[in-house]
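For the sequence shown, the UniProt record's numbering begins at 1 and goes up steadily by one.
To be clear, the hints were calculated from the coordinates, so they are not data collected in a lab.
None of the values given here were measured: they were computed from a predicted structure.
Honestly, I wouldn't trust all of these hints.
Here are the simulated lysine to any residue pairs, SDA-like style, with alpha carbons at most 25 Å apart [unchecked claim]: (1) 251 <-> 192; (2) 251 <-> 164; (3) 251 <-> 189; (4) 251 <-> 190; (5) 251 <-> 188; (6) 251 <-> 182; (7) 251 <-> 223; (8) 251 <-> 216; (9) 251 <-> 166; (10) 251 <-> 231.
So the derived label-pair ranges between C-beta atoms look like this [unchecked claim]: (11) 253 <-> 213: 22 to 28 Å; (12) 183 <-> 204: 30 to 36 Å; (13) 161 <-> 231: 27 to 33 Å; (14) 166 <-> 189: 38 to 44 Å; (15) 239 <-> 188: 44 to 50 Å; (16) 253 <-> 228: 30 to 36 Å.
Just so you know, even glycine gets a beta-carbon here, dropped at the ideal spot from N, CA and C.
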Amino acid sequence: MRRLVGLVAGAALALVLFYLLALLVAPPAPESQEIVSAAPIAMVDAPEQAPTPTTSAASAPPPPPAAPPPPPAAAPTPAPTPSRIAVPEPQVAQPQTPAPTLDAALPELSEARPTPRPKPEPQPQPQPESRPEPSPQPSPSPAPSTAQAPASQAASTPKGTQASPRDVGQLQPTSRVNPTYPARAQRRGLEGYVEVSFVIQPDGRVDGGSLRVIDAEPANVFDRAVEEAISRWRFPPADDVRRATQRIEFKLQG
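Input sequences plus hints: build the corresponding full structure.
Below, the structure is given as structure tokens:
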């Protein structure tokens, strides 16, 4: 029973709500204008009047909304008035820089030329050469007899002494020592010759105190080397003292 009453009450409430909703959604009905028939009016002349507008106040469009008032203009900024108090500008003292003095008397510049690099001197091998000259050989004279031959040969060939040695020219030594090429001459690339005179003792040794330089080119370059070498030479022994000359040449190989 309660359930049935509840359903009926719910349905009635729902109908009421639907009706109220329909009233809210439905547009308003236009206002009806009543037409009243005018009664017969007698024609009377009346003064002319301005025509009245026939449009009803209800149908007139609403007036436009009033424009918002413009914002108030900003007050002008007053111009700054010049101050009567004058502030003096600080005076900054500028440092005085002394003007540079230029020395008018400049030293003369001389162009320095680069010194040429010395070329390396070759290292030659000393090769002293001696060219012995053949001593003249006396031509044999015909021997008249066997008895007179030794006497004539002894008389024609005088024996040399220490005071006056016999001159034999260039003689071939039996033991020879080559002179050393001077290092200074090698570095400078010098060549030349030395010609010396010396005394040979009867036993074949050379008298070192008798060495004399006859000719040399260049002078005082190869002299000492030649004297030291010849003083150690050995010659064939003889019965007398002999004087010989020797020419030694110095040449660089290469």
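Verification of the hints:
1. 251 <-> 192: Answer holds: residue 251 to residue 192 is near 7 Å, not above 25 Å.
2. 251 <-> 164: violated (35 Å)
3. 251 <-> 189: With Cα atoms ~9 Å apart, residue 251 and residue 189 stay inside 25 Å; holds.
4. 251 <-> 190: Roughly 8 Å separates the two Cα atoms, so the pair holds.
5. 251 <-> 188: holds (13 Å)
6. 251 <-> 182: Satisfied, since the Cα-Cα distance of roughly 12 Å is no more than 25 Å.
7. 251 <-> 223: holds (15 Å)
8. 251 <-> 216: The hint holds at about 14 Å.
9. 251 <-> 166: violated (32 Å)
10. 251 <-> 231: Holds - the C-alpha atoms of residue 231 and residue 251 are around 21 Å apart, at most 25 Å.
11. 253 <-> 213: 22 to 28 Å: Given a distance of about 25 Å, which is inside 22 to 28 Å, the answer is holds.
12. 183 <-> 204: 30 to 36 Å: Distance hint for residue 183, residue 204 holds at roughly 32 Å.
13. 161 <-> 231: 27 to 33 Å: Violated - the Cβ-Cβ distance for residue 161 and residue 231, about 21 Å, lies outside 27 to 33 Å.
14. 166 <-> 189: 38 to 44 Å: holds (40 Å)
15. 239 <-> 188: 44 to 50 Å: holds (46 Å)
16. 253 <-> 228: 30 to 36 Å: At roughly 22 Å between Cβ atoms, residue 228 and residue 253 fall outside 30 to 36 Å, so the hint is violated.
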